[in-house]
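Enquirer: The lines below spell out each chain.
Protein chains: 2
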Amino acid sequence: MRTLRVALAQVDLAVGDLRGNAARIIEWTGRARDLAADIVAFPELAITGYPPEDLLLRRSFVADNLAALEEVAAATRGITLVVGFVDADRDGEIYNAAAVIHDGRVVGRYHKHFLPNYGVFDENRYFQEGSGAPIFVIAGVDVGVNVCEDIWYPTGPPRDQALAGAEVIININGSPYHRGKGGFREDMIATRASDYAVVVCYVNLVGGQDELVFDGHSVIYDERGQLLARGAMFREDLVVCDIDVEGVFQSRLHDARRRKDRLDVQRADRVHRINVSDVPVVPEKPAITAAIAPLLDPAEEVWHALVLGVKDYFAKTGNNTAHIGLSGGIDSSVVAAIAVDALGPENVTGVSMPSRFSSEGSKTDAHELAKRLGIRFMTIPIEEAFAASLDMLAPAFADTQFGVAEENLQARIRGNILMSLSNKFGSLVLTTGNKSELATGYSTLYGDMAGGFAVIKDVPKTLVYELARYKNRAAGREIIPQAVIDKPPSAELRPGQLDTDTLPPYPVLDPILRAYVEDDRSVDEIVAMGFDEATVQRVVRMVDRNEYKRRQSPPGIKITPRAFGRDRRLPIANRYQQG
Amino acid sequence: MRTLRVALAQVDLAVGDLRGNAARIIEWTGRARDLAADIVAFPELAITGYPPEDLLLRRSFVADNLAALEEVAAATRGITLVVGFVDADRDGEIYNAAAVIHDGRVVGRYHKHFLPNYGVFDENRYFQEGSGAPIFVIAGVDVGVNVCEDIWYPTGPPRDQALAGAEVIININGSPYHRGKGGFREDMIATRASDYAVVVCYVNLVGGQDELVFDGHSVIYDERGQLLARGAMFREDLVVCDIDVEGVFQSRLHDARRRKDRLDVQRADRVHRINVSDVPVVPEKPAITAAIAPLLDPAEEVWHALVLGVKDYFAKTGNNTAHIGLSGGIDSSVVAAIAVDALGPENVTGVSMPSRFSSEGSKTDAHELAKRLGIRFMTIPIEEAFAASLDMLAPAFADTQFGVAEENLQARIRGNILMSLSNKFGSLVLTTGNKSELATGYSTLYGDMAGGFAVIKDVPKTLVYELARYKNRAAGREIIPQAVIDKPPSAELRPGQLDTDTLPPYPVLDPILRAYVEDDRSVDEIVAMGFDEATVQRVVRMVDRNEYKRRQSPPGIKITPRAFGRDRRLPIANRYQQG
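Heads up: the sequence lines are chains A and B, in that order. Residue 41 in the working numbering is what sits at position 41 of the first sequence, and the numbering runs on without skipping anything. The number in the working numbering is simply the position in the second sequence, starting from 1, with 1000 added.
Keep in mind the hints are simulated off the structure, nothing from the lab. Fair warning: this is a prediction, and the values are worked out from it, not measured in the lab. All C-beta atoms, glycine included, are put in the ideal place defined by N, C-alpha and C. Among the hints, a few may not be true.
Estimated spans, in silico, between C-beta atoms of each pair [said to hold, decoys possible]:
{"no.": "1", "chain 1": "B", "residue 1": "GLY1344", "chain 2": "A", "residue 2": "ASP399", "range": "44 to 52 Å"}
{"no.": "2", "chain 1": "B", "residue 1": "ASN1275", "chain 2": "A", "residue 2": "GLY119", "range": "22 to 30 Å"}
{"no.": "3", "chain 1": "B", "residue 1": "GLU1129", "chain 2": "A", "residue 2": "GLY119", "range": "50 to 58 Å"}
Chain B residues, not near chain A, derived (Cβ > 10 Å throughout) [to be verified]:
{"no.": "4", "residue": "LEU1057"}
{"no.": "5", "residue": "ASN1117"}
{"no.": "6", "residue": "ASP1122"}
{"no.": "7", "residue": "ASP1237"}
{"no.": "8", "residue": "ASP1278"}
{"no.": "9", "residue": "ALA1287"}
{"no.": "10", "residue": "ASP1312"}
{"no.": "11", "residue": "ARG1372"}
{"no.": "12", "residue": "GLY1415"}
{"no.": "13", "residue": "ASN1423"}
{"no.": "14", "residue": "ASP1501"}
{"no.": "15", "residue": "THR1560"}
Input sequences plus hints: build the corresponding full structure.
Expert: As structure tokens, this is what we get:
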């Protein structure tokens, strides 16, 4: 039986850390070699970290990345390595590329064909499109190598490689997470594998990078579309699997009559074969069993994405400790619990900043939460600064009523306190606003929006509740006090204030926001979904009018198909109104 | 003599205001018809405003834009109109397009070939590339129509159209301003015109849209590369000019022998002729003389760009009045003077917010400036709130020294005051930070960075001084007090503080920043320009480390080849260090 042992190294790399990434790739290559793998594959742009953005415009950066690749190549013996890097041609044009490395040198290169330029992606900004579709003969097996987006198109390079004889496809990825994407991705890969009668090995990056989280979740699907292996979600993993290449051959013979798909001459011309090695380096291998990591339930998945996003944002920006304003509400409670999972309770400080409008319940709930999380807790009442500020503004505000200015003033004093603690103690402030608030502008710029990282900015309020319940369920005890989950949401910036004074109830608001923000539905279409027209109009106007606030929001973790930020690029000055 | 009277309508349109833009296009078409123009041309995407960004992802927006185009067509009689809009095909794919309208209907469409996807541009995100290169016979003259970027490539559609017989090229634009771009653009157009022996009519948008300013500056160059007409910079203008088409014909005969450029068959196939009108609608025309607007000197150009940027940001976001914190320094003085030119003195309020560290000179200079500008002026000392805040933080800050936290606290109290005034009186706060500060992070998040619009965020400090001197020169009197220009820059957040405690002198800092930020030079290259290596390393580290601050900056006006914001997209978590 002809078999190929493939290792998929789903590692957490850092953007710009060329030498660190190279060292890590060398280390994991050693681990794969110890397991007698014939091939080890690393994610897209593993050398540079992903996405490197405008670092790619610096010639020195591209040159340094090529030097790091050579360093990796020089250290590689006894295994074939596939790794993402930035290739450059003589004109200085660059390519999102995969290198195939064997016996100390780069033996082949592949340039990504399909460059995503939608959503969070800007690859046309940097890269030229590739055209070749090489097949590498590795340990006597025909292996097609390609990059990420290339496999999302049914007529892309993987098809050409498979029809030209590739038995195994290695597709290297930097595919950011959003809710539900994992299942969709697995279905697509299973379909490609069975469509082309080829084994597809899909390796994905893991880790957080600014607003993106990469979920790992690497998979291998066989030529009949059956799952052979799955890497863990949201943590590093080395997926090792023996591929029965004889099976691919038998399957093709069996299917020969029904497969009418053929390469035309022009496409066949783009495929060329490169001989890397005829036989395995290690012919006798210790037995292994490929692991199939379990899938996570929907709230668990989001929870882990947020924890990893926070953990890596801190690690990769050189931060260790966090300050969080605890209001006793659900948002700050969930953010604090995520921070504890990401950073450890010893690195998180909760700050209660009660005002004259804070209820007794808020104060005790905040304190209770801190106790349950085991974090440091401090109380800094804002009355003194609030009174002084009102006094200072009294001449300017003469003959005006208490209103939004006075409400925001409280939020901004709190922002000042947190930022002062951050500046004094070198911590990062985590903000606690959710997506429903950010969408509608129900937040104070430089107030509750002040901070370094906006953990749940892409989490709709209704999902914040789900996360709280998930956390208590997973912990097997009430981490987030039930009182926090049960109380009606309030900003407590004036007496008796409730979110529903300003916003529709969240179970109504959130589906409207999703339809408008994530699915680009028109007002008419949303009304046709069964919502009140005046409410829909009001919500849509709030979203449009508050683009200016979002533009100054801290970064935060994308977990939906469309987050605010570079995923959704709207003008601030915008007079478009439907209907 | 065969002549064609062309009108270029360099108008200020609003993104998303489909009906308003249509009405404006109809109105200006009437003005051109009154002057017996054969053709009137409007800018790129005139119907939608430019750039519409992710509004283009809404099907309803594209449909409404097509309806607005039909409205314009139905109203057009007695003239041929060329106008930018978004075209859609049956699959829902969209194109950055020009419509040619005659006698009440759209008689032809052109789809932009070259889609810019660099700098501030994301056109691959939305549009498909066009392929045809039609020639429209208008009043008996062969006219090639194309869009913006198409003329920047020597082998683009204008070449094909000219070689296939076009005598006049109409190129419609949404080309954003930066310093010095105007001259470069005129040279390019002159070259294209003489290369192809064709008259090039270049019409550009005018106005501000978020971070961009479009400078108008439409031009017509004849077939020998001679300037025939130039529209005003930074204001609306209707450029009307008679084109001697016979001259084009003679010039081509004369040049026939030296012109060896020919269309190959494949390219010739893309050119097709569409007959619009054989003769002019108005054969007997009143005489006109084409105007050639003067070019502006460098500082004047930037000043006008900033004034227009502020004016339009207010107008297009529905704001009228501004609050500005006046420190008595050069930055806030220049911003206030720009605001007065943009909004009128009656709409600007200067706020002095002295602290225990403010010098007497700062207070009197701020007041003096306000008097000279004729704006409202108020003083709100921050001592009371500063003392209360320190007291409130005293337990947390026990046993620590006065430092950055206490400095920033003052800036943030000022930010609070300005935002409170903004919230109370419905004004917009203009921030006063310059590009040198933003680049190095020499500013306080939520402090001096708090506000709706960052007027000079793309203006290096050395240019801020030039602007101040320009303003005094242009006004013929000392608007900005000489004392303000002469004093050494200081943030006055601790006793005796000077900018040079933290930063290299601005005449050293600014060229380093320009080389690094705008020209992507490496440390080695900048050192080779003659700067001290340690200084360069320090500046580069400051720039890299402060990306997180810039990400939360208010929008502001781009005036250099590369502004911060979407013009320069760098990761926050970024470990790249050169050398």
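Enquirer: Take the hints in turn and mark each one as holding or not.
Expert: Hint check results:
1. A C-beta distance of roughly 25 Å is found between B:GLY1344 and A:ASP399, which places it outside the suggested range of 44 to 52 Å.
2. In this structure the supplied range 22 to 30 Å is violated for B:ASN1275 paired with A:GLY119, their Cβ-Cβ distance being about 44 Å.
3. Taking the beta carbon of each, B:GLU1129 and A:GLY119 are about 20 Å apart, not inside 50 to 58 Å as hinted.
4. The claim that B:LEU1057 lies off the interface is violated: its Cβ sits roughly 5 Å from the closest Cβ of chain A, which falls inside the 10 Å cut-off.
5. Its closest Cβ contact with chain A, about 5 Å, brings B:ASN1117 to no more than 10 Å, contrary to its assignment away from the interface.
6. Not every CB of chain A lies more than 10 Å from the CB of B:ASP1122, the least distance being 7 Å, so the non-interface label is violated.
7. In this structure B:ASP1237 is separated from chain A by more than 10 Å, as the shortest Cβ-Cβ distance comes to about 22 Å.
8. With a cut of 10 Å on Cβ distances, B:ASP1278 stays outside the contact zone with chain A, its closest approach being about 40 Å.
9. With 10 Å as the threshold on Cβ separation, the claim that B:ALA1287 sits away from chain A holds: the shortest Cβ distance comes to roughly 40 Å.
10. With a cut of 10 Å on Cβ distances, B:ASP1312 falls inside the contact zone with chain A, its closest approach being about 7 Å.
11. Residue placement check: B:ARG1372 keeps its beta carbon more than 10 Å from all beta carbons of chain A (closest about 23 Å).
12. Once the 10 Å rule is applied to beta carbons, B:GLY1415 is inconsistent with being away from chain A; the minimum gap is 6 Å.
13. Remark: the non-interface label on B:ASN1423 conflicts with the geometry, its nearest Cβ contact in chain A lying 4 Å away (cut-off 10 Å).
14. With a least CB separation of 17 Å from chain A, B:ASP1501 remains clear of the 10 Å interface cut-off, as annotated.
15. At the 10 Å boundary, the C-beta of B:THR1560 stays outside the reach of chain A, the nearest C-beta of that chain being 15 Å off.
Hint violations for this structure: numbers 1, 2, 3, 4, 5, 6, 10, 12, 13, all remaining hints satisfied.
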